[in-house]
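S.K.: Sequence:
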Amino acid sequence: MAIPDVRRSLLAAMQTNYLHLTHQLKSVPAERARSACVAGHMQGSLISAADLVAYLIGWGQLVLKWEAAWQTGEAVDFPETGYRWNNLGALARKFYRDGEGLPWPALLERLAETHAALVTLVERHDDRTLYGAPWYGKHTLGRMVQLNTAAPYANARARLRKAFGPAVARTSGTVQP
1 MAIPDVRRSL LAAMQTNYLH LTHQLKSVPA ERARSACVAG HMQGSLISAA
51 DLVAYLIGWG QLVLKWEAAW QTGEAVDFPE TGYRWNNLGA LARKFYRDGE
101 GLPWPALLER LAETHAALVT LVERHDDRTL YGAPWYGKHT LGRMVQLNTA
151 APYANARARL RKAFGPAVAR TSGTVQP
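Every letter in the sequence shown is one number past the one before it in UniProt numbering, and letter 101, counting from 1, is 101.
Treat the hints loosely; a few may be bogus.
Claimed, not checked - When the alpha-carbon atoms are kept at most 30 Å apart in a straight line, the in silico DSSO-like pairs for lysine-lysine are as follows: (1) Lys26 <-> Lys162; (2) Lys162 <-> Lys138; (3) Lys162 <-> Lys94; (4) Lys94 <-> Lys138; (5) Lys138 <-> Lys65; (6) Lys65 <-> Lys94; (7) Lys26 <-> Lys138.
Said to hold, decoys possible - Label pairs and their computed distance ranges (CB to CB): (8) Gly89 <-> Gly132: 31 to 41 Å; (9) Gly132 <-> Thr72: 18 to 28 Å; (10) Pro134 <-> Arg161: 29 to 39 Å; (11) Pro134 <-> Pro29: 40 to 50 Å; (12) Pro166 <-> Ser35: 16 to 26 Å; (13) Gln43 <-> Lys94: 28 to 38 Å; (14) Gln43 <-> Thr129: 34 to 44 Å; (15) Leu88 <-> Lys162: 19 to 29 Å; (16) Gly132 <-> Cys37: 40 to 50 Å.
Don't read these hints as lab results, they were simulated from the structure.
Positions of the beta carbon are idealized from the N, C-alpha and C atoms, including for glycine.
The whole structure should be built from the sequences, with the hints applied where relevant.
M.R.: The structure is reproduced here in structure tokens:
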């Protein structure tokens, strides 16, 4: 899929990749959601499906925080206060900890809520605001949203497929991969 450069394409990428991801997440047995069997974000590490969902929530919430600060003219401490781009492993571990106490269904619900808020963020901006000028460094707002939604949704789906196998959909009594 091409990198989106207009709002319509960004929304389509976000929605498509999110739907594929949620389909894959439904194939994760709740009793295995906390088993460290998914390739982690640091080379050679393993995390759980719950950690992966917490990671997606964390980045989505950061995008919402960045955009809210930008809207009010506040300075944004990228990527997050106390963290630097050259040490994203520590930020990933923070996201995993943030999700530790949440049951699997609650994590999935929080992911859905975060995704919905990100869709709303994109819907309230036009192409010019999303793609007309750099927003952070050389990246536009639309690109920053894509880098933290559609792209990691697809990456997470691939990690889950590798750990749990392809999701299987049952339709009309037939099984499809």
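S.K.: Do glutamine 43 and lysine 94 keep their Cβ atoms within the hinted range of 28 to 38 Å?
M.R.: 19 Å, violated
S.K.: For a C-alpha distance cap of 30 Å, please report whether lysine 162 and lysine 94 respect it.
M.R.: 24 Å, holds
S.K.: Keeping to a limit of 30 Å between CA atoms, is the pair of lysine 94 and lysine 138 held or broken?
M.R.: Holds. Lysine 94 to lysine 138 sits at ~27 Å (cutoff 30 Å).
S.K.: Below or equal to 30 Å on CA atoms is what counts here, so check lysine 162 against lysine 138.
M.R.: Since the Cα atoms of lysine 162 and lysine 138 sit roughly 33 Å apart, the hinted pair is violated (cutoff 30 Å).
S.K.: Regarding proline 134 and proline 29, is the given constraint of 40 to 50 Å on their beta-carbon distance met?
M.R.: 44 Å, holds
S.K.: Given the hint that lysine 26 pairs with lysine 162, test it: the Cα-Cα distance must not exceed 30 Å.
M.R.: 15 Å, holds
S.K.: Given a hinted range of 29 to 39 Å, is it respected by the beta-carbon distance of proline 134 and arginine 161?
M.R.: For proline 134 and arginine 161 the Cβ distance comes to about 35 Å; the hint holds.
S.K.: Check whether the Cα positions of lysine 65 and lysine 94 lie no farther apart than 30 Å.
M.R.: Since the Cα atoms of lysine 65 and lysine 94 sit roughly 16 Å apart, the hinted pair holds (cutoff 30 Å).
S.K.: Is the distance from the Cβ of glycine 132 to the Cβ of threonine 72 consistent with 18 to 28 Å?
M.R.: 20 Å, holds
S.K.: Return holds or violated for the Cβ distance of leucine 88 and lysine 162 against the range 19 to 29 Å.
M.R.: With Cβ atoms ~21 Å apart, the hint holds.
S.K.: Has the hinted range 16 to 26 Å been met by the Cβ atoms of proline 166 and serine 35?
M.R.: About 18 Å separates the Cβ atoms of proline 166 and serine 35, which means 16 to 26 Å holds.
S.K.: Range hint 34 to 44 Å: satisfied by the CB atoms of glutamine 43 and threonine 129?
M.R.: 37 Å, holds
Of the numbered hints stated above, those contradicted by the structure are hints 2, 7 and 13, listed in ascending order.
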